[in-house]
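If you're matching them up, the sequences are chains A and B in order.
Its first residue numbered 430, the first sequence is counted upward by one per residue in the numbering used here.
Its first residue numbered 1020, the second sequence is counted upward by one per residue in the numbering used here.
No wet-lab data here; the hints were simulated from the structure.
Each hint should be verified, as a subset may be incorrect.
[As the list claims (entries may be wrong)] Stretch-level coverage of chain B by chain A, calculated; a stretch enters the list once three of its residues show a Cβ under 8 Å from a Cβ in chain A:
1) 1070-1079
2) 1133-1147
3) 1311-1323
4) 1355-1368
5) 1414-1420
6) 1428-1441
Virtual Cβ for every residue (Gly too), placed ideally from N, Cα, C.
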Amino acid sequence: MPELVITVARFGFLILLWIFVFTVVGVIRRDLFAGARSGRLVAAPRGVGAATQQQAAKPAKAKRGRAAHQLVVTAGQLAGTRITLGEAQITIGRAEDSTLVITDDYASARHARLVPRDGQWFVEDLGSTNGTYLDRAKVTGPTPVPLGVPIRIGRTSLELRP
Amino acid sequence: MTAAAHPVVSPATTGERPGVRLARSRRNAELSLLVLAMVLVAAYGAIVEANLLDTVTRDFWMPAAALGLVFLGMHLVIRWLAPYADPALLPAVALLNGIGVGFLRRLDLGKAAPADRETLAIFAGTGGRQLAWTLAAVILAAGLLVVMRDHRAVSRYAYTLGLAGIVLVMIPAVLPGRFSEINGAKLWIRVGGFSIQPGEFAKLALLVFFAYYLVRKREVLSLASRRVLGIDFPRGRDLGPVVGVWLISLLVLVFEKDLGTSLLYFGMFVVTLYIATERVSWLLIGLVLFFGGAYLAYVLGGTVGGPFANFYTRAEIWLDPFAEPYDRGYQLVQGLLGLGSGGLFGSGPGAGEPLEIPEVQNDFIFAGIGEEIGLFGLTALLVVYLLIVERGLRAGLAVRDSFGKLVAGGLAFTLGLQVFVIVGGISKLIPLTGQTTPFLSAGGSSLMANWLLIAVLLRISDAARRPVNQGGGPASRPGGGPPEQLHGAPTEVIRP
């Protein structure tokens, strides 16, 4: 085999190795900065261009107020956890089958739940021992949750984000 | 070969559109990356043949194709059972595994007489055996994905797994040397011509137990503390378990004569403790305990000898490998010379002399590969490891239950620590220990255990990235109707 071919192949292999590395980085890049920009969470129809979709989505959002798309834990042991909101309710408690399992001494097994109704999320206490608070007020019945207002459960604090 | 790769690269990059949603499963990106990884493995095989045989045989692509089929099977299983799993994990691991198989085949070619090289069967030798082990390991990993549909269910078997882990660690220590000793380290169970390394599997079992234990105890460990010099130190009685694990890891060091494994277990425990409690003091205590213990073993090895002698020898070689370059320091010196002669870009796959290094197919595989692809290529492989670890930690950050967080974080860290221990050992940063290089080294136990680890990470990352209204148990039906089954259902509570 000619020397030149082998040399080209050798360096080509090394370059291809780095191309692989950077392609992987490219694939996970969005994850690294996830949350930095708002995204719509429920899978959008495939094949629709991303840019046109966002433009189309913006006026719709402005009309009916900004919808919540993420539930973010801002304090407590799970701080930093994000849940992508869909159509389903979110249960919070120490029970293992809760959507958000919090291991907090002040939380009950089934502590509270978040239920969506017509695009608005409601928080509801499920008869917990220590109560659920929306900002400073104790939650007694289903209460609408505005964006960015903390829901407090024991030492854990949650917020809805767009 | 680069020309052949271009059509493959472009779908991978276009699959990464700026508007891709988190909720998208990203399986197509995984498939394109997988194809790219297999192209790399095939290119590696072709260059090896060009260098060693002076020609490229018509079957050079066969190992890459066989591996590709195995990984494609895994990809389909992920599509079916864990559709939201991390798309970067499988291709990254596939690349490392493929390069490992390619390098082992290169060693087989190098060992064969020049006349026999062209006819060397693809499924023969160490390379062929590694190919078979890969198949077994991937089947095992797929099986774990089938059995473990929800990682939280594993916490029910935490105590069983903990006991199994301790038993697995202890078996080689109590077996007589002729059943368990290879090259001075008692880490194996040898039956006939067959040897398995139970410690590799014990790693996983023990980690599940640690995670379960710490989810239950984290409050006590993180809250009850005394403040000294601005750092919170735990109460004396809460130190019990960590001291216990420290003793076990020292026993491993003494009776199995293996620093690497003991460092691995101890590091694993301290880091899960740190993840659970967020107390820096645990890291400090852990480091002080380990270095104190290792230094004590060194001093004892120099004066008393006995069970500590092996560690003392290794530390002496580490301090000055060139003192006895043809005797005790031979392996390390040859590894360093190999890395050095590889230089920045290496001699090219197939053009180096890796067979000069003893045990190049196991512990020193990184030195052997490094000679041929140079620092430039070696760094790429290390970055691939880094990405795997990062994806594991990311899954730990994103998952919603504490048990999953601890398991994912601990497993990812353990993988990273193992790479550090072995790469640090061959590059003379730390004393050399008998660790396998994950996914690269020849050997079934290590490959299977690490593929199982990846399966657990895939499962947890699937749970972390899955949108809440997609599956996730009967509780989350779309529409948000009343959850009639929730209140009556029997529950499993992690914290009593």
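Structure-based check of all given hints:
Counting residues of the region 1070-1079 of chain B whose C-beta sits closer than 8 Å to any C-beta of chain A gives 4, which meets the bar of three, so the coverage hint holds. Three residues within the 8 Å Cβ limit are the bar, and the region 1133-1147 of chain B against chain A gives 0, so the coverage statement is violated. Chain A is given as covering the region 1311-1323 of chain B, and this is violated because 0 residues of the stretch bring a CB closer than 8 Å to a CB of that chain, at least three being needed. Chain A is given as covering the region 1355-1368 of chain B, and this holds because 4 residues of the stretch bring a CB closer than 8 Å to a CB of that chain, at least three being needed.
Given a C-beta distance limit of less than 8 Å, the hint that chain A covers the region 1414-1420 of chain B holds, as 5 residues qualify and 3 suffice. Beta-carbon proximity to chain A at under 8 Å applies to 0 residues in the region 1428-1441 of chain B; the threshold of 3 is not reached and the given coverage is violated.
Taken one by one, the earlier hints fail for this structure at numbers 2, 3 and 6, listed in ascending order.
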